[in-house]
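Chemist: Next come the chains, spelled out residue by residue.
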Amino acid sequence: MQDYSTRTQRWIMHILLGLGLLVSVFPFYWLIVMATNSTSDIYSTPPKLFFGGQLWTNISHVFQNIDFFASLGNTILVAVTVTVLMLFFCSLAGFTFAKFTFPGRDALFLILLATMILPSAGALVASFVIMADLGWIGTFLPLIVPGMVTAFGIFWIRQYSLSAVPTELVDAARIDGCNHLLIYWNVAVPALRPALGFLGILTFINVWNDYLWPLIILNDPKLFTLQVALATLNGIYGTDYSMVMAGTLMATIPLIVIFFFGARQFIANISAGALKF
Amino acid sequence: MSSLVQSTSTPENTTIRKAVVQKSNWRKYLPLYLSIAPYFLIFLVFNLTPTLFSLYLSFNKWDGIGRMTFTGFNNFYFVLTDPIFGKAVLNTFEIWIMSTIPMLFLALVLAFLLNQRRHSKFAYQLCYFLPNITSTVAITLIFGSLFAPQYGLINTTLSVMHLPTVQWLQDAWPMKWAVALMVIWRWTGYNALVYMAGLQSIPTEYYEAARIDGANTTDIFFNITLPLLRPVILFTVISSSIGGLALFTEPQVLFTNNGGTGNEGLTMVLYQYWQSFASHHFGFGAAVSWVIFFIMLAFTFMNWKIVQATER
Amino acid sequence: MRNIKQKNTLWYASLSIFCLFSFSMLLSACEQAQNNDGKIHLKLWYWNRSIDDGLINAVSKQFPNIVLEADKINDYDNKVRTTLAGHYGVPDILGINTNVAPFFPDEDQFVDLKTLGAEELHSQYLDWKWNLGMTPSGRMIAFPMDTGPTALFYRADIFKQAGLPYEPDAVANSLKTWDDYIQAGVKLKNATGGKSMMFDTATTIYTQMMAQSSKQYFDPSGKFIGDQAQVKNAWNEATKVVQMGLSAKLQMWTTDWNKGIVNGLTASFVGAAWMKQILQETAPATAGKWRVTYAPGGAGNSGGSFLAITKASQHPKEAFEVIKWLQSPENQVVGYTNIQLFPSTISAFSAPQLHQAEAFYGGEDTTKIFAQSATQIPRYYMGPDDGTVSGPITDQLALVEFQHKIPDQAWTDAIQRGQRELLR
Chain A
-1 MQDYSTRTQR WIMHILLGLG LLVSVFPFYW LIVMATNSTS DIYSTPPKLF FGGQLWTNIS
59 HVFQNIDFFA SLGNTILVAV TVTVLMLFFC SLAGFTFAKF TFPGRDALFL ILLATMILPS
119 AGALVASFVI MADLGWIGTF LPLIVPGMVT AFGIFWIRQY SLSAVPTELV DAARIDGCNH
179 LLIYWNVAVP ALRPALGFLG ILTFINVWND YLWPLIILND PKLFTLQVAL ATLNGIYGTD
239 YSMVMAGTLM ATIPLIVIFF FGARQFIANI SAGALKF
Chain B
4 MSSLVQSTST PENTTIRKAV VQKSNWRKYL PLYLSIAPYF LIFLVFNLTP TLFSLYLSFN
64 KWDGIGRMTF TGFNNFYFVL TDPIFGKAVL NTFEIWIMST IPMLFLALVL AFLLNQRRHS
124 KFAYQLCYFL PNITSTVAIT LIFGSLFAPQ YGLINTTLSV MHLPTVQWLQ DAWPMKWAVA
184 LMVIWRWTGY NALVYMAGLQ SIPTEYYEAA RIDGANTTDI FFNITLPLLR PVILFTVISS
244 SIGGLALFTE PQVLFTNNGG TGNEGLTMVL YQYWQSFASH HFGFGAAVSW VIFFIMLAFT
304 FMNWKIVQAT ER
Chain C
11 MRNIKQKNTL WYASLSIFCL FSFSMLLSAC EQAQNNDGKI HLKLWYWNRS IDDGLINAVS
71 KQFPNIVLEA DKINDYDNKV RTTLAGHYGV PDILGINTNV APFFPDEDQF VDLKTLGAEE
131 LHSQYLDWKW NLGMTPSGRM IAFPMDTGPT ALFYRADIFK QAGLPYEPDA VANSLKTWDD
191 YIQAGVKLKN ATGGKSMMFD TATTIYTQMM AQSSKQYFDP SGKFIGDQAQ VKNAWNEATK
251 VVQMGLSAKL QMWTTDWNKG IVNGLTASFV GAAWMKQILQ ETAPATAGKW RVTYAPGGAG
311 NSGGSFLAIT KASQHPKEAF EVIKWLQSPE NQVVGYTNIQ LFPSTISAFS APQLHQAEAF
371 YGGEDTTKIF AQSATQIPRY YMGPDDGTVS GPITDQLALV EFQHKIPDQA WTDAIQRGQR
431 ELLR
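Quick mapping for you: the protein sequence lines, in order, are chains A, B and C.
Numbering of the first sequence is given in this note's numbering, commencing with residue -1 and proceeding in unit increments.
Numbering of the second sequence is given in this note's numbering, commencing with residue 4 and proceeding in unit increments.
Numbering of the third sequence is given in this note's numbering, commencing with residue 11 and proceeding in unit increments.
Read the hints as simulated data drawn from the structure, not as lab findings.
For clarity, every value in this text was computed on a predicted model and none was experimentally measured.
Incorrect hints may have been included.
[Said to hold, decoys possible] If you want the footprint, here are the derived chain B segments under chain C, 3+ residues with CB under 8 angstroms:
1. 143 to 152
2. 261 to 272
3. 280 to 293
[What the hints assert, rightly or not] Here are a few chain A residues that sit away from chain B, every Cβ distance over 12 angstroms (derived from the structure):
4. GLY51
5. ALA68
6. SER161
7. ASN217
In this text, a Cβ means the ideal position worked out from N, Cα and C, and glycines have one as well.
Given only the sequences and the hints, what does the whole structure look like? Please build it.
Modeler: This is the structure we're talking about:
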């Protein structure tokens, strides 16, 4: 195996990657700086760029003002439920669109794409009324059921399946007499693991950060999700920003954990798809 | 599907065979339809009514609480003759070009480079993804502070290096660049991850075979990687088109609802939000969102065609 | 065979999904159980720091047969309008911010507080504030909560350095009109070589002058008066500031503004009482250097909030008792002491708790100024479409200040745009 890399190429690559890293991380770093200092430090000139000692103070302010762990638990419950449902329904549908032919397939898929763009203005009230009629206001159901399968997720899996799921294996499994679900489980899912990893991360994060809809649906602070709870820390006239930053920092940590689990799906195979430089 | 059966048969046989084939067709297709049904069901129950309501609303005037007044095409007439909406559309496309194209390109390069690495892949991936999970509140504060014209970090650095400062939040093009830079910052890592996932699906044997045939990295990239990655690339183009045309968070964060000085940072969806939520004109907002829908539909369709056409 | 193992995994997966699902339904169902204790349950919606939490908790002690469920809500307008439109889960008592006028067209969604005997309390409250909760048809839909009387905040040390009067009384005497204020701005700029500016932005001049005006953009009959003298004067003064180069060009609510306050680029601003808190949090390093005095041009109001009772409430009388108690003079003093909510009851102004020597302002008792200002604010009418007209004006003013647009052209465009938007 010949080594095609020249030293300059490698150095350029390192520099580019490193620069990108710095730019990506800097705001997050600054977030941590703000969370560990006090609000007046945030406004000081020159701006404070190093960690302070106020982290525990700010965190305790957060705990005083909102029921952090309850809302954390609520959010985990909703996010995990939606993610699991999404992974299943979107991959099943996306795989089916990609690898099978049936009457109306293309038309249905185009309709699906169009629904991704459909406007939702005014939809808030209509959706609220639907939920009210179903008796679901004040429960988690409006946060779970409408979002448990999305056009976006189906689109993603379908695109991914086109090249990732080997048609020969699908045909072979069909000849073997497997029903559709078994083909899905045995052939598609293993091939889709990187796509599922990504979709899982994405869905989890979207549900985690969802703010407007839970705000409208939930009234009981005991049921609040994290974003809604954190938003109550904001004042109209003045906000204790260091406290808010500490709160959002804590809210971001579970996302990093989830990212770890999801991203493993597409680092796992070190040799797959990789070119030796 | 049943054509194979019909070719060699007598009339009576055909009828019987057709019946048999149609019955098994139904059994054959049922699991497929069931697999795709959940989405359409959810859509019908939870999204169809709101969408129809939104359509109905666009022909009315409504402040969100009281009664609706029917106004016919008034809302549509207003938005289509509104110079500020025209500006918003123009801004949106300009910012889209300035942000999405470099962003997707950067993401592809990044994904490719990252995939080479054998060590600390996860650390890099995480860092590149951090922008996407940093909270909006934090981003508002941080980027507002970075781009502040007098004491912001960027301008302070520029003046230290004796370069002219930029009025990021007051001059027309710098405002757009500020938004574009924010979008690139937030979404490059995300799209790089999409591409990385896509790269996983390409078997290494293809590369090894190509190497044996004497191909170099550039050849492999353009002849193997890119074509096989096309479905995923199409996905990112479509979703970036939709996301880019629906740009809302970044300009709102930097400029508040009216898109800043001279509305230079106003995008279509921000215009819609400004005019509906912020001014309580929900009927008008609905009309605007339908106009935006058609614009997005046309643009997305065009992009789809372009990517499909690159298939030789 | 492998298939059996896969079948089992599938089964376990579906079982766990089902469990998660039902668990979440159960969790939500638990909350429905409580309301059978014979007491009256009232729901209140408010936002952070709009009402003192201690007072809210004390309601059940004051009214043993009432349970007040107070929910802190954010993104207030969205949630309120959606809920009112959906007619489901509407609270009994609603906090309303300065933007009470946009609710006037929907006045039938709120109880007319006069029918609950509100008028007997009228004399206890500032008349102009009381009036703001009245719709043109005479319905009282909102009860006074806190207010935002304005005054001049200024850096005494910078004024002294520039040779300007710097003691509060002296400053008030020398800055009686906005023109006086602008002239002082010229002096300041020259004396400090531009290092310190009198004004943060021209927009502040405009909004604060409008805040002092008894006429806004509409009269109670709905007639448009937004191109008349009161608006034109404010516009002219603001553009004067731009043309004479006296503005620091630091927009409010940005980090630049904060920095300008800290390092002295901004030497003064006219602001409401609630700016005190913001100033103190933003620039603790400048403690002792600020003073407060009467604003040029007279007394004005910027901000302030209200409480309303929704038509959907099953217990309007009890709700009103709670509101009366929460906004009694004694409790408004508590609100001031704890979270700096400036009272709307006249007797609260003489409470000793409001008159302290404040170190941040060099030992000055600033409430004296704000209270005096509060009693002198003229009666004014806020119309539901005020924002539609004022928005384009401030937008055009920003163009004048930051993109060198010609003021006359900007004025024409502003009025034109406002008129156009009113057609929607």
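Chemist: Checking the smallest CB distance to chain B, is ASN217(A) really beyond 12 angstroms?
Modeler: holds, 18 angstroms
Chemist: So is the segment 143 to 152 of chain B in contact with chain C by the C-beta rule, three or more residues under 8 angstroms, or is the coverage claim wrong?
Modeler: holds (count 5)
Chemist: Can you tell me if the segment 261 to 272 of chain B counts as covered by chain C, using C-beta to C-beta distances under 8 angstroms and a minimum of three residues?
Modeler: holds (count 4)
Chemist: For the segment 280 to 293 of chain B, count the residues whose Cβ lies under 8 angstroms from any Cβ of chain C; is that count three or more?
Modeler: holds (count 5)
Chemist: Taking the closest pair, is the beta carbon of ALA68(A) still more than 12 angstroms from chain B?
Modeler: holds, 19 angstroms
Chemist: Hey, does GLY51(A) actually stay past 12 angstroms from chain B on C-beta?
Modeler: Given that every Cβ of chain B is farther than 12 angstroms from that of GLY51(A), nearest at about 20 angstroms, it holds.
Chemist: Compute the least Cβ-Cβ separation between SER161(A) and chain B, then decide whether it is above 12 angstroms.
Modeler: Its Cβ does come within 12 angstroms of chain B, the nearest being 5 angstroms, so this is violated.
Violated hint for the displayed structure: number 6, the only one.
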